[in-house]
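Colleague: Top to bottom, those sequences are chains A and B. Those letters in the first sequence? Residues 142 to 555, by this note's numbering. Those letters in the second sequence? Residues 142 to 555, by this note's numbering.
If you're looking for bench data, these hints aren't it; they were derived computationally from the structure. It is possible that some hints are incorrect.
Stated by the list, open to error - Here are some of the chain B residues that sit facing chain A, going by a computed Cβ distance under 8 Å:
| hint | residue |
| --- | --- |
| 1 | S163 |
| 2 | S172 |
| 3 | R175 |
| 4 | K212 |
| 5 | L219 |
| 6 | I298 |
| 7 | L300 |
| 8 | E303 |
| 9 | A316 |
| 10 | R401 |
| 11 | D514 |
| 12 | T518 |
| 13 | P519 |
| 14 | R521 |
Using N, Cα and C, we set each Cβ at its ideal position, and we do this for glycine too.
There are 2 protein chains.
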Amino acid sequence: MALLQYNHFVSYHFFMPRLQISRRGQSVIASPIRKFLPLLQAAQKRGVEVYKLNTGDPDIAVPPLFFKTLKQYNSPNLPYAPTPGFPSHVNAWIQYYKQFGVRLEPNNIIPTVGCAEAILLALMAVADDGDEILVFEPLYVSYKSFSVMIGVKLVPIPLSAENNFALPSMNVLQAKVTAKTKAIVVINPDNPTGKLWSDEELSHVVRFAKINNLFVVADETYREIRFVGKASCLLADSESHNNTIVIDSVSKRFSMPGARVGCVVSYNEEVMGAVLKFAQARLSVGTLEQFALDSLIKQSKKITAPIRKEYQARRDIVYSALSAMPGVTCSKPDGAFYIIAKLPVESAEEFVKWLIRDFTYKNHSVMVSPIADFYITPGRGKDEIRIAYVLKIPLLKKAMEVLSKGLEAYGHRK
Amino acid sequence: MALLQYNHFVSYHFFMPRLQISRRGQSVIASPIRKFLPLLQAAQKRGVEVYKLNTGDPDIAVPPLFFKTLKQYNSPNLPYAPTPGFPSHVNAWIQYYKQFGVRLEPNNIIPTVGCAEAILLALMAVADDGDEILVFEPLYVSYKSFSVMIGVKLVPIPLSAENNFALPSMNVLQAKVTAKTKAIVVINPDNPTGKLWSDEELSHVVRFAKINNLFVVADETYREIRFVGKASCLLADSESHNNTIVIDSVSKRFSMPGARVGCVVSYNEEVMGAVLKFAQARLSVGTLEQFALDSLIKQSKKITAPIRKEYQARRDIVYSALSAMPGVTCSKPDGAFYIIAKLPVESAEEFVKWLIRDFTYKNHSVMVSPIADFYITPGRGKDEIRIAYVLKIPLLKKAMEVLSKGLEAYGHRK
């Protein structure tokens with residue numbers, strides 16, 4: 142081996158930039174939902190009981206069928222799954238989608254590591270570095286991080302609680318379109334607002350997308366968790382077939398985000414071809430979870446009916462409790478298990494930190510998410526929080542009491 | 142809602158590009174390992190028994206402790222794991238790394254969805270769109286796909302079987318460096334070549350990286366599968382601390398790629414900060430697998446010793462068999478479970494397709510990977526295949542016989 146004459150390029154050295162991470166690594170933000178983990182752990186260490194309403198992590202038990210099926214896994218091996226998914230798993234999804242009037246072939250579905258990876262793969266399939274994607278804000282924050290990671294610019298269409306997060310006029314949407322716009326994202330039911338998109342709104346979004354040759358990324362992770370009307374899928378609208386990419390996940394409807402199983406669903410062959418090739422690079426989705434999920438996916442209707450009722454009851458409690466707190470305003474959500482509340486504070490982030498660090502009521506505190514980071518427009522949402530109602534009703538009531546007492550004490554602190 | 146006056150912007154319509162997927166979606170290649178799945182399935186449907194030597198999917202049984210521990214999971218819930226991993230899981234990794242003289246704190250490790258996601262997150266942490274990363278070719282093909290997905294240019298440093306894939310002179314490396322170069326990747330032991338990097342070579346790479354302010358992405362997925370010397374970790378070299386990012390995985394050492402658990406390990410705080418924030422966007426790694434892996438990770442030495450011996454015996458058989466085939470040349474690998482063979486054919490891809498579609502020997506065929514796509518330099522590797530020796534010895538011998546007969550028949554076909 143001809144070894145290096147290091148002294149030859151000492152001279153280069155002075156012109157080289159210092160060792161530094163990427164710009165995307167520098168600019169991606171910490172999750173506003175997850176960044177307070179160290180504060181939470183510190184509070185727990187001090188013996189404080191914390192009601193956790195920050196993460197969309199359901200407290201509801203996983204359908205026992207999952208663990209029962211899992212125990213039936215009897216291979217001594219744990220091989221990769223095929224990238225397009227185990228055939229039985231994909232067939233379970235095909236069965237599942239029929240109830241929404243959506244008829245799929247295996248090549249219309251690719252399993253993903255939760256809805257999160259489905260989002261990442263879908264965004265990459267439709268947009269390149271420098272391209273733009275329209276989103277409604279406030280927005281589930283992972284979209285923001287992913288877009289920074291892949292160099293895509295999110296262009297916000299502001300919604301507001303004052304008019305129940307209604308779709309703005311088409312002129313407002315149209316004004317956001319440039320030659321670089323590639324897609325529009327609709328989360329239905331929505332995280333973080335709990336908004337349920339009306340059929341009329343959805344058909345306007347689809348028409349807008351078609352006219353502008355945009356993809357519609359329809360994130361239907363919370364599909365069955367809605368308190369008005371019936372669960373549906375945008376792919377049932379044959380008008381949207383070529384444009385729509387559905388993001389799905391078992392995490393919320395089966396209360397099992399730790400399974401990390403979701404999927405991308407689309408009739409667009411080019412999209413599915415790209416998603417498959419992207420997905421091949423990371424090989425496969427968990428073998429055990431795919432195996433154990435098949436029967437749940439096929440029985441989703443039975444499983445999700447009581448869950449929907451439970452969340453509806455919780456929604457009523459949280460909405461009433463918040464509405465009764467002085468200075469707090471919120472819009473009544475019709476789906477998912479989130480609610481956004483506008484608080485009588487200057488900085489919700491400071492309030493959230495104060496709650497977890499400095500406040501207890503009967504030795505309890507409560508953890509919620511400040512949501513300024515769920516917005517793209519600077520300055521919006523500074524006094525807002527997102528509450529995930531993922532606690533049983535008695536605990537939820539107590540958590541609301543702690544929040545109320547916390548707000549009161551925060552107003553009186555010096 | 143002020144509805145759309147569609148006729149207002151019919152005029153826009155004609156200037157909009159047609160609905161089309163991203164350039165990255167168009168240019169990412171199908172996995173040369175996975176793209177023949179449909180041909181394989183067709184052969185199996187015809188009743189042909191196919192020896193599968195294409196995927197790095199070990200046939201060796203998963204250590205039974207894994208399934209035993211899995212059965213002890215007794216929560217009714219399946220929550221997200223913390224993004225930085227369950228503390229017990231991270232502690233298992235910390236224990237594991239001690240045997241290689243690497244002392245870690247929890248914030249030096251972030252669990253990932255297999256080594257694949259670790260690669261993606263590490264590449265994103267060090268390079269932006271348009272940046273360059275040095276790699277040795279032939280190269281594990283997922284690096285190529287990921288780089289297309291995130292807009293990073295891979296700059297190849299050609300290695301060749303003729304001199305056992307030895308590290309070229311530092312001048313060769315230095316000539317590849319531009320102001321956009323951010324990192325160099327070393328896979329050790331290497332996939333697809335089976336090359337084991339010598340300590341001397343590694344220290345040259347580290348020195349080269351430090352002089353040029355590059356990160357070293359050290360992919361040590363096959364760490365324990367080496368037939369010379371002792372398993373090691375580049376992080377034991379304190380010289381490289383700030384520059385090195387280790388990619389790791391349980392997939393190969395514990396024969397469980399279906400678990401989808403790996404990790405990123407680095408002492409560089411900026412890197413780990415970025416990786417954590419990227420990882421927060423996709424939330425977490427499988428809860429069940431993290432739980433069930435802790436005790437395996439702690440007992441890795443006991444588990445990997447017999448596995449290493451088994452692969453060594455297989456390596457000997459495959460190497461001898463290939464060396465005895467007329468016109469076939471190969472370099473004897475010292476690690477991982479792959480070997481590259483140069484075949485007396487014009488196009489290994491055509492040969493591989495022919496084998497699976499048109500050839501049987503005693504009703505058997507064999508599936509291997511053509512590796513032109515493992516190269517970045519156009520034209521290289523067209524007559525080469527990668528064999529993954531992931532079958533038990535008796536089957537492996539038969540598979541080699543089928544390959545030999547196939548080559549013979551292919552030479553005589555008209």
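Colleague: Could you tell me which of the numbered hints above are not met by this structure, giving the numbers in increasing order?
Modeller: 6, 7, 8, 9, 11, 12, 13 and 14
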